[in-house]
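In order, the protein sequence lines correspond to chains D and V.
Per the numbering used here, the first sequence starts with residue 2, numbered consecutively.
Per the numbering used here, the second sequence starts with residue 59, numbered consecutively.
These are calculated hints, taken from the structure and not from any lab test.
Some clues are possibly wrong.
Listed below are the simulated SDA-like cross-link pairs for lysine to any residue, each with C-alpha atoms no more than 20 Å apart in a straight line [unchecked claim]:
1. D:K80 x D:Q14
2. V:K163 x D:G44
3. V:K163 x D:S85
4. V:K163 x D:F89
Beyond 10 Å from chain D on every Cβ pair, some chain V residues (computed) [what the hints assert, rightly or not]:
5. I69
6. S76
7. R80
8. G120
9. F121
10. K126
11. H140
12. S142
13. P171
For glycine and all other residues, C-beta sits at the position ideal for the given N, C-alpha and C.
Chain by chain, the residues:
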Amino acid sequence: SQTIHQWPATLVQPVGSPLSLECTVEGTSNPNLYWYRQAAGRGLQLLFYSVGIGQISSEVPQNLSASRPQDRQFILSSKKLLLSDSGFYLCAWSGLAGADNSPLHFGNGTRLTVT
Amino acid sequence: AQSVTQPDIHITVSEGASLELRCNYSYGATPYLFWYVQSPGQGLQLLLKYFSGDTLVQGIKGFEAEFKRSQSSFNLRKPSVHWSDAAEYFCAVVARSGYALNFGKGTSLLVTP
Numbered sequence: 002s003q004t005i006h007q008w009p010a011t012l013v014q015p016v017g018s019p020l021s022l023e024c025t026v027e028g029t030s031n032p033n034l035y036w037y038r039q040a041a042g043r044g045l046q047l048l049f050y051s052v053g054i055g056q057i058s059s060e061v062p063q064n065l066s067a068s069r070p071q072d073r074q075f076i077l078s079s080k081k082l083l084l085s086d087s088g089f090y091l092c093a094w095s096g097l098a099g100a101d102n103s104p105l106h107f108g109n110g111t112r113l114t115v116t
Numbered sequence: 059a060q061s062v063t064q065p066d067i068h069i070t071v072s073e074g075a076s077l078e079l080r081c082n083y084s085y086g087a088t089p090y091l092f093w094y095v096q097s098p099g100q101g102l103q104l105l106l107k108y109f110s111g112d113t114l115v116q117g118i119k120g121f122e123a124e125f126k127r128s129q130s131s132f133n134l135r136k137p138s139v140h141w142s143d144a145a146e147y148f149c150a151v152v153a154r155s156g157y158a159l160n161f162g163k164g165t166s167l168l169v170t171p
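Isolated chain D (complex conformation):
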């Protein structure tokens, strides 16, 4: 069966520090991968999605970036964190055909607090 792992579960970082959140999927090949951010009262905001290695689409311009160095690995990064980057970050995957006929499967999320 497919599983998705996301770490760390919680992270406290000072403003201006770098960020690296990692997500890996097991049990499937060539998944579509997604990073969402959830801020209190604002629902889920799609940040990035990827349909293949090295292919990244950005939905929201910001100081975050994403990379997909391997088929089942998706990394969210920042060179310098802002206070506004605090939130709950969720990684998700869907089947090859995309979210339209394959639901998203979510990791357990990373709670990021920027101080």
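Guided by the hints, dock chain V onto chain D, whose structure is given.
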């Protein structure tokens, strides 16, 4: 513009009472529709989905949802709520040619004894 709206930010129901959570969407054509549930500090779990066919779909944990094209709605229902149903519920929509889900802002469900 494409959008999905959950009009109720918070809902409180008594244990054993029925529940209906509202979801409306605005898309050019009928999209694919989903409901997810999120327990505190956790990721999202898929409750049910609608792609085509029967407009009343059954999901896990006793939930169901009804797609109404004329009202552009996809409301989630449960006949008898349990205390363990207290969570955040998200309606999500994706265009049939799209990749990524568009989520509503969520409805927080509180269940009282």
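Taking the hints in turn, this is what the structure says about them:
1. D:K80 x D:Q14: holds (12 Å)
2. V:K163 x D:G44: With Cα atoms ~4 Å apart, K163 of chain V and G44 of chain D stay inside 20 Å; holds.
3. V:K163 x D:S85: Since the Cα atoms of K163 of chain V and S85 of chain D sit roughly 18 Å apart, the hinted pair holds (cutoff 20 Å).
4. V:K163 x D:F89: OK: K163 of chain V and F89 of chain D at ~14 Å, within 20 Å.
5. I69: holds (15 Å)
6. S76: Fine: 25 Å to the nearest Cβ keeps S76 of chain V off the interface.
7. R80: With a cut-off of 10 Å, R80 of chain V remains clear of chain D, as the shortest Cβ separation is near 15 Å.
8. G120: holds (19 Å)
9. F121: holds (15 Å)
10. K126: Since the minimum Cβ distance to chain D is about 21 Å, K126 of chain V lies beyond 10 Å and the statement holds.
11. H140: The assertion about H140 of chain V holds, with a minimum of 22 Å to chain D.
12. S142: Holds, because the least Cβ-Cβ distance between S142 of chain V and chain D comes to about 18 Å, which exceeds 10 Å.
13. P171: Check passes; 26 Å lies beyond 10 Å.
Figure legend: structure checked against the earlier numbered hints; every hint is met.
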